[in-house]
Amino acid sequence: MEGSFLLPALVLVPLIGAIITLFMGGKRQKYAKYTAFVTTLVILAIAVVLLLADDLSAYDFSANWIDTAGVKMNLIFRVDGLSILMVFLTSVLVPLALVFSYKEGDRPNYFYTLLLAIEFGLLGVYTSADYFLFYIMWEVTLIPFYFLISWYGGPRRHYAAIKFLIYTHVASLVMLIGFFALGFEAAAINGAGVNFSFDYINSAVGGFGEVFQTLVFGLLFFGFAVKMPAVPFHTWLPDAHTEAPTAGSVLLAGVMLKMGSYGIIRICLENLPLGAVNWQNVMIFIGVLSMIYGAYACIAQRDLKKMVAYSSISHMGLVMVSMGCLSDIGIEFAIFQMFAHGLISAMLFMVCGWAGHSVGTREIPLLGGLAGKLPYFATFMMFAFMASLGLPGLIGFWGEFGIVYAFYEWMVANNVIYLLVLPLLSLLLTAGYYLWAMQRTLFGKLTDRIDLSKAHDMDRIEAIVLGALAFLVAIYGFWPDLALHYIDLYAIGFFGVI
Amino acid sequence: MIPIEYFLTFGAILFAIGAYGVLTKPNAIVVLMCIELMLNAANINFVAFAAYTSDPIGQVMVLMTISVAAAEVAVGIAVVLNSYKMKKTTDVNGLTSMRW
Amino acid sequence: MIVEYVWLVPLIPILCFVLVGFFGNHMHQGGGYLSIAGAAASFIISIAVSVEFWTSAAYTDPGYVTNSITWFSLGGHDVNLGYYVDSLACLVMLFASFISMLIFIYSLGYMGDQGGRKRRYFAEVSLFLTGMLGLAASSNMIEMFVFWELMGLCSYLLIGFWSFNHPEGDAKAINAASAAKKAFLVTRAGDVCLMGGMFVLFQAMGSLDYTVIFNTANLNAANPDTLFLASLLIFGGAIGKSAQFPLMDWLPDAMAGPTTVSALIHAATMVKAGVYLVARCFPLFVMNIDVMLFVGVIGGVTAFFAATMAMNNMNIKKVLAYSTLSQLGYMFLSLGAGGYLMALGMQSGDTALMAAGALGYTAGILHMANHAFFKGLLFLCSGSVIHSCGTEDMRLMGGLGKKMKITSITMLIGSLSIAGFPFFAGFWSKDLVLETALDAAGNGACGWIFLLLWFLGVVTAFMTAFYMFRLWYMTFAGEPRENAQKSHGESPHSMTIPLCVLSCFAFAFGFVLLFGFDGLFTIGLNADGLWQVGGVAGAGAVHYFLELFTNPYTYLTIILVLGAIFLAYLMYCKKTVDPGKFNKHGQAWLYKACASRWWLPEIYNQVSWKLGYGVAKCVDFFDRQVIDGTVNGLSNAVIGGGELARKAQDGNAHTYAGVVIGGAVALFAVALILFVVYGGI
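Residue numbers (numbering that gives the first Met the number 0), protein chains in the order written: chain D, 0 to 497; chain W, 0 to 99; chain R, 0 to 680.
The set of hints was computed from the structure by calculation and includes no laboratory data.
Among these hints, one or two may not hold up.
Claimed, not checked - A few chain R residues that don't get close to chain W, going by computed Cβ distances all over 12 Å: (1) F22; (2) A39; (3) A56; (4) E167; (5) V458; (6) G562; (7) K573; (8) L589; (9) E601; (10) G611.
What the hints assert, rightly or not - Using 30 Å as the maximum straight-line C-alpha spacing, the simulated DSSO-like pairs for lysine-lysine come out as follows: (11) R:K171 / D:K372; (12) R:K609 / D:K444; (13) R:K573 / R:K401; (14) R:K485 / R:K402; (15) R:K646 / W:K24; (16) R:K485 / R:K171; (17) R:K580 / R:K591; (18) R:K317 / R:K171; (19) D:K26 / D:K102; (20) W:K86 / R:K646; (21) R:K609 / R:K591; (22) R:K171 / D:K444; (23) D:K372 / D:K102; (24) W:K87 / R:K646; (25) R:K317 / D:K444; (26) R:K646 / W:K84; (27) R:K317 / R:K485; (28) R:K171 / D:K453; (29) R:K402 / R:K317; (30) R:K616 / D:K444.
Remember, predicted model here, so these are calculated numbers, not experimental data.
The beta-carbon is built from N, C-alpha and C at its ideal position, and this holds for glycine as well.
Next comes chain D alone, as it looks inside the complex (with noise of 0.2 Å):
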């Protein structure tokens, strides 16, 4: 056992504070939000003490876990320019769609343990450096969410639930095989037992022949593709995030998609570049497939939150297209992309699913007029759906506009600069979307198709978290090198490196 205990801290708070919320039955149940929101402001604190860091491998811990019939898994923890952002994003958006949640009145206490379950899943995801770590806290994610979407959801909830528990869950097996072909190949090259330690299967690296890695690959990606997700595995998506609450859905789409792409990034490209090049024209084909499918899913929608749902899956293509480039920029705004899609969506679930308590519906052509009676409801709802269109001097902008030029690289690299015409189209067709629902829910007559007389406007709470959110993607916005910075230690040079 060796290193800073940092990271196991940050990763163990949530646990405490989940278990502790989990007794805080009958009369105690009051008190669960406070102890709730104090956990995950200490986490705040610690993942902000990472970020101000001069040197992030100053908090590496590692410690053997279990070392037995040769073989050997290990408690791993480490962040770097990769996951820093993803943990910083994690302890962000818990405590705001926690706050955000304070209304909840049905077993509150259970819900904020399965909140902070949910976060101790995510930040043991991205902090841990062990397949077999990294392996059980994905596992960690889904189960908790589970129960918050069959416990707390709306009506459909059970078949969401399960069909989301299962589609993932699948792909999460695929992705066990992945593990074990790496970890035994990885022990056969480098002669010596097996490992799951990150650092000991990349230490092998080298040995691995083209055939294992295009294998592996596929068995990876499509466990990650599935995460995150790609078409044509995407539609359990949609279903969880209509039924999930509003707290699950901001998780679903700020946090958990990501560790689709942050596998791909960490594991897959990091692992096995070889399968990566046979692998690219697939990668850019389902991004783009992805982005232009659910550009236009969108378009039909009359769900707010299924509209925003697919929109998630069009901002997840242009990661999958910038992942697919294989070039350091793809990389870099990859990964800016995952943080600035992050913010950016859970704010859009915040405030769609914020219409379906107060006005009572979510439905599109039920809505009209919104914007006279639900003034600060309306900014919001605009200034989310502006930002995740990409407007620029907004966080969304630079993500997009990093991703498609890194893809025209690519499309100049091989010959084939008509495709940019694909990228521009699904940039055009998202304004489309989401000016058209704004147009039809906060504009225009004031609706009289649903009963009015008893929504108000946002309170002050809600509206200081989505403040709060604003000014994160503004500020990222008006200066993207706050996040880049810390891209840049990992991204550049990645694919010198390998």
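Since chain D is already given, all that's left is putting chains W and R on it; use the hints.
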């Protein structure tokens, strides 16, 4: 010495009769009796092989089987009796409540 | 060095935006005074910056002042954040901040009765001004694009200003919402082109700093095909923003916003950005002669078509909107013709042709500035009329000249100016534009196209004079009709004073041409072989006076303009000529085509509906039925298989026993077969 094939053939015939009874007879008591026949078919084989190879372990197994069969018949008859008490029948075709 | 503080120019309005946006409800006039003060401060700083720049050594060499810091790095190349001041940037900053300031003052009166909405209004217009000023001061294209899109956002917000809680009811609100969406989407179509152009250029040049991408050596070193592609894509952005053919349709719809917003969009900001972009990218565009030809064709065609649409429209604001399109077309025609000549001159090394091309550039810039003044004036006048009558339909006006003296006179000045009446501002620039087009007609293989465009331009000049005076006579002359009778007279001073100030400029700004404007706003290769805006001595007053008035075509346009005014007078004031005779009382094919904007809106609707919603429906169907159907089908297959399999568990002991025995027999049979096939143990 009688060749072993005779014993084996006899055991096989006995087993077949038992199996036939198990499959076709509706009465649960008869089914139990047919099961006894099949057990005894196995016992004959055991004894025959034990004598043929001069290995006493076969006879030990037969004794074992007989005691188990006795216990089994006790349990079986108890089950049949109880089912007769509850359903007023010993017809196995009527006792199908444990299906899907 | 106050030039170093030029970043304050866009910064002050955005601070006003933040302050007004958050605290406007606690301020007088919803923060209107603060917005005006912000615009005034920007204007004063712009003056100081401009004066200092034009008197500094940097003005003659290298012709610009720039400075920047690293923003972030993109693929190993730095993207910078900085300012770039040259004559063009100064001019745009000056007229944008000045006219915006006047419009804000005017808004105090025009929007005075809007209560709580004023906070939103003044915050948004301040942000709008930031967009234009930042666009002018940016030092590279990415930075410029940020402000470019910021203007797109503000136009969306302001065109849709009345898209909810409209004082005149829900129909207008729905209309405003639709117009705002259209404006943003159509300009967005151009913007993604511009973005594409930026990618192409960035990939080719490794930077988007003006000093790098417009450097002659870099331009010559780059692949000409790449530059051609980049130029076309960038011009696509200008087409969208400046509402040129075929992306012209959003601008007339944008009249759904408050009139002051229209004035802001048409005079000071937004549509001028496209012209600015083409002028800024002039060195890039002249690298390929076809690009400039394309620019000219788009400009000429737009000028003509937009003018035809204005001929029979009854909405006072829509007529002005079409006239904006038409005048923007003139600007692009001028830049295109000038660029065509410049490109020809560069190919053949003919300095005379290059000088003629530079004149086209000057004419385009001058027309942009002139247009800013007279179009701002015209919109504000129409706003004054609408404010007074409560309608936009000219058929309900008439005879307002007596009730609204100041408005009618200032509008007359504006109309004369836009019509190109001699010695008014529009005259100088418009005749220079036509002269450049004619000049281009005589040169190069594609000269005949410019001859056609010149002809369209001359016809447009006639039509412009006609429809502007049709508007003026219908509004201010003759008998007062319905709404005009209810008019409550002249507007308050906060509205008339800006009108008077603007009318002075609309009359007199053209004279700057005679006093060195051409020296400030010309473009050419300097002694180092680099592109430079301005920095040379002007040709002087006599030169242009002689040039214009010794040219027989100048007299041709003057006669046409006078004729058009006279025709309008006969038709709409004296009523001796019945316009119904020409249009078969609204039944003529041409009349219907003009009235329905050459069916462009229908085409747009059809295309966007089919390509957008139609495809979306198909995708949605595919998603639900095929993809989700497969997923659910798989799960149903598993469940159904289980349902089937559990039927085997029928509870009958006979069945179970049969299966056991059958299984044993089957196993035995298999073992036997294997035994036979593989031949014993």
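Indices of hints not satisfied (ascending): none
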